[in-house]
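Student: All chains, full assembly: derive it from the sequences and hints.
Number of protein chains: 2
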Amino acid sequence: MSSRAKQRLPLGRAYGLLEPGPVVLLTTARAGRADVMPMSWHTMLDFEPPLVGCVVSDRNYSYAALRSTRECVLNIPTAKLARQVVGCGNTTGAKIDKFARFRLTPRPASLVRAPLIDECYACLECRVVDTRMVRKYGLFVLEVVRAWIDPSVKRPRTLHHLGWGEFMVAGRHLRVPSRMR
Amino acid sequence: MSSRAKQRLPLGRAYGLLEPGPVVLLTTARAGRADVMPMSWHTMLDFEPPLVGCVVSDRNYSYAALRSTRECVLNIPTAKLARQVVGCGNTTGAKIDKFARFRLTPRPASLVRAPLIDECYACLECRVVDTRMVRKYGLFVLEVVRAWIDPSVKRPRTLHHLGWGEFMVAGRHLRVPSRMR
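Respectively, the protein sequence lines represent chains E and W. Counting from 622, one number per residue, gives the positions in the first sequence under our numbering. Counting from 622, one number per residue, gives the positions in the second sequence under our numbering.
Note that these hints are calculated values from the structure, not bench results. Please note: incorrect hints may appear among the correct ones.
Taking lysine-lysine pairs in the BS3-like style, the calculated list, with each CA pair at most 27 Å apart, reads [stated by the list, open to error]: (1) W/K775 to E/K701; (2) E/K627 to E/K775; (3) E/K701 to E/K627; (4) E/K701 to E/K716; (5) W/K775 to W/K701; (6) W/K716 to W/K627; (7) E/K775 to E/K701; (8) E/K757 to W/K757; (9) E/K775 to W/K627.
Here are some, though not all, of the chain E residues that point toward chain W, as calculated from beta-carbon distances under 10 Å [stated by the list, open to error]: (10) L638; (11) E640; (12) A655; (13) P659; (14) D667; (15) A703; (16) Y758; (17) G784.
Don't be surprised by glycine CBs; every beta carbon is placed ideally from N, CA and C.
Tutor: Next comes the structure, spelled out in structure tokens:
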């Protein structure tokens with residue numbers, strides 16, 4: 622599979638990738654071993670530096686790596702990757718190498734050890750900056766420290782999870798004049 | 622405008638309305654006066670009882686009402702309401718009655734004093750259950766105490782904000798067999 626040519630995106634624009642609510646693939650790496658899990662429970666918390674709140678349960682294999690390394694990447698897939706997304710959610714990194722099983726290509730990130738997923742059109746390198754809400758809600762606060770995007774993808778067909786493997790796929794765009802960032 | 626016939630939705634299914642990341646219209650009421658603001662920064666925190674984390678800045682007029690009454694409704698609009706959504710975001714309840722200005726119809730809720738918006742296809746009555754993250758992140762934790770849905774709306778064309786009044790509108794559905802709730 623060919624490598625997608627990604628470019629850096631100014632950090633102040635990262636919110637526009639997550640605010641619409643797409644499923645993301647969260648990658649971590651610990652002791653040289655990378656893992657990936659789908660995640661839909663996330664929200665922006667601030668524009669710049671971009672802060673993201675995301676829920677990773679202690680029942681997820683990725684939890685221990687996220688907690689100990691305090692680094693991850695939020696990779697945004699499109700509908701072409703729907704089967705891989707569901708596959709990653711229905712298996713555990715404790716037993717298999719999901720990158721190999723689902724033919725996802727890890728690429729080195731710039732500032733964190735967790736890998737970028739080459740097949741995703743955008744990738745946000747993140748550091749954990751607040752764990753005070755982890756015990757009660759599984760909520761990690763992340764700071765996006767570097768953002769990457771494939772500029773050839775103009776209207777990404779992102780996936781939005783409705784439950785039990787049913788997704789809404791991003792449709793048309795609509796613009797209304799607004800002063801709201 | 623005719624009243625939409627909404628039915629109660631089991632609370633355990635409420636997450637499926639918010640997990641895909643739609644813009645919501647948050648209503649509050651204080652001293653007999655209702656207000657409404659659009660909000661995109663929210664995430665599910667738990668399935669049942671459904672907990673939602675949402676960011677309301679102290680620069681928003683709704684902040685004081687949410688903080689003091691500890692009640693709100695999350696109303697989910699579709700693309701038909703795009704102009705009203707943007708209008709509500711570009712005005713302040715300190716100066717105008719947004720319901721009157723944007724022809725939104727308030728209806729009494731069951732368990733909270735904030736109104737349901739009749740024109741929205743789904744409405745979630747909420748109570749604030751945790752304010753510890755409000756000072757730092759503007760993040761309120763809400764518990765959904767009653768959920769309403771118009772059962773005639775099968776594929777709601779929800780709005781997903783990309784920034785500056787540009788929205789992605791919910792498109793087609795896609796299903797992949799999955800064990801993930």
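Student: Each hint needs a verdict: does it hold in this structure or not?
Tutor: Verification of the hints:
| no. | hint | in the structure |
| --- | --- | --- |
| 1 | W/K775 to E/K701 | holds, 24 Å |
| 2 | E/K627 to E/K775 | holds, 13 Å |
| 3 | E/K701 to E/K627 | holds, 18 Å |
| 4 | E/K701 to E/K716 | holds, 25 Å |
| 5 | W/K775 to W/K701 | holds, 15 Å |
| 6 | W/K716 to W/K627 | violated, 31 Å |
| 7 | E/K775 to E/K701 | holds, 15 Å |
| 8 | E/K757 to W/K757 | holds, 17 Å |
| 9 | E/K775 to W/K627 | violated, 37 Å |
| 10 | L638 | holds, 9 Å |
| 11 | E640 | holds, 5 Å |
| 12 | A655 | violated, 21 Å |
| 13 | P659 | holds, 8 Å |
| 14 | D667 | holds, 7 Å |
| 15 | A703 | holds, 5 Å |
| 16 | Y758 | holds, 5 Å |
| 17 | G784 | holds, 4 Å |
The structure fails hints 6, 9 and 12 (numbered hints given earlier, in ascending order).
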